[in-house]
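Residues in the sequence shown are numbered from 1426 upward in steps of one, following this note's numbering.
If you are wondering where the hints come from, they were derived from the structure by calculation, not from laboratory data.
Treat each hint with caution, since some may be false.
Label-pair distances were calculated between CB atoms; the ranges are [as the list claims (entries may be wrong)]:
no., residue 1, residue 2, range
1, L1531, E1497, 37 to 43 angstroms
2, V1523, R1458, 36 to 42 angstroms
3, P1466, R1440, 22 to 28 angstroms
4, L1531, F1484, 20 to 26 angstroms
5, E1536, D1507, 28 to 34 angstroms
6, E1539, R1440, 18 to 24 angstroms
7, P1543, P1462, 42 to 48 angstroms
8, A1456, A1530, 22 to 28 angstroms
9, V1505, H1540, 30 to 36 angstroms
10, A1494, V1525, 31 to 37 angstroms
11, D1459, P1543, 48 to 54 angstroms
12, D1459, E1497, 37 to 43 angstroms
The beta carbon of each residue, even a glycine, is placed where N, CA and C say it ideally should be.
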Amino acid sequence: MNDAAPTGDGTPPRRDERLYRLQRRLADFAAARDWAPYHTPKNLAVALSVEAAELVEIFQWLTPEQSAAVMEKPESAHRVADEVADVMAYLLQFCEVVGVDVLDALAAKIERNEHRFPVTGTSTPDRHSSE
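All chains should be built: construct the whole structure from the sequences, respecting the hints.
Listed below in structure tokens is the structure:
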């Protein structure tokens, strides 16, 4: 299945439609293998954390300059892309199981952060959006 395939009228799918196609494909993949008993919110959250840690591991001992250049080398770029895909896959599966629309949740979070951290013309290095 090509998730970037044109829609019925020949137009390319919108990005959100493509995301939902991929999410459905992941759900179908798990269902075909009878993995539902293992795809609990806890297990998927743990797997997501492990995959995120594997992404962090790529950058762990790099200098800021080295980390900025990591995508210039095919081997490390491939590793980064693989780990990003793993993180995204587990995030989408988690959202499917708990009933969170990932794009709606992200849009709402950005809106809250825009209100929490208004543009003031000066930076505030002591505050971060994760607070």
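Status of the hints after comparison with the structure:
1. Checked against the given bound of 37 to 43 angstroms, the beta carbons of L1531 and E1497, roughly 28 angstroms apart, lie outside it.
2. Checked against the hint of 36 to 42 angstroms, the pair V1523 and R1458 fails, with Cβ atoms roughly 20 angstroms apart.
3. The hint said 22 to 28 angstroms for the Cβ distance between P1466 and R1440, and at roughly 26 angstroms that hint holds.
4. The supplied range of 20 to 26 angstroms is met by L1531 and F1484, whose beta-carbon atoms lie about 23 angstroms from each other.
5. Between E1536 and D1507 the CB atoms are about 32 angstroms apart, so this pair conforms to the stated range of 28 to 34 angstroms.
6. The supplied range of 18 to 24 angstroms is met by E1539 and R1440, whose beta-carbon atoms lie about 21 angstroms from each other.
7. As the Cβ distance of P1543 to P1462 is approximately 46 angstroms, the hint placing it in 42 to 48 angstroms holds.
8. For the pair A1456 and A1530, the beta carbons lie near 23 angstroms from each other, so the given range of 22 to 28 angstroms is met.
9. The hint said 30 to 36 angstroms for the Cβ distance between V1505 and H1540, and at roughly 32 angstroms that hint holds.
10. Between A1494 and V1525 the CB atoms are about 35 angstroms apart, so this pair conforms to the stated range of 31 to 37 angstroms.
11. With their beta carbons about 49 angstroms apart, D1459 and P1543 fall inside the hinted range of 48 to 54 angstroms.
12. For D1459 paired with E1497, a C-beta distance near 42 angstroms keeps the hint of 37 to 43 angstroms intact.
Violation of the numbered hints given earlier is confined to hints 1 and 2; the remaining hints are satisfied by the structure.
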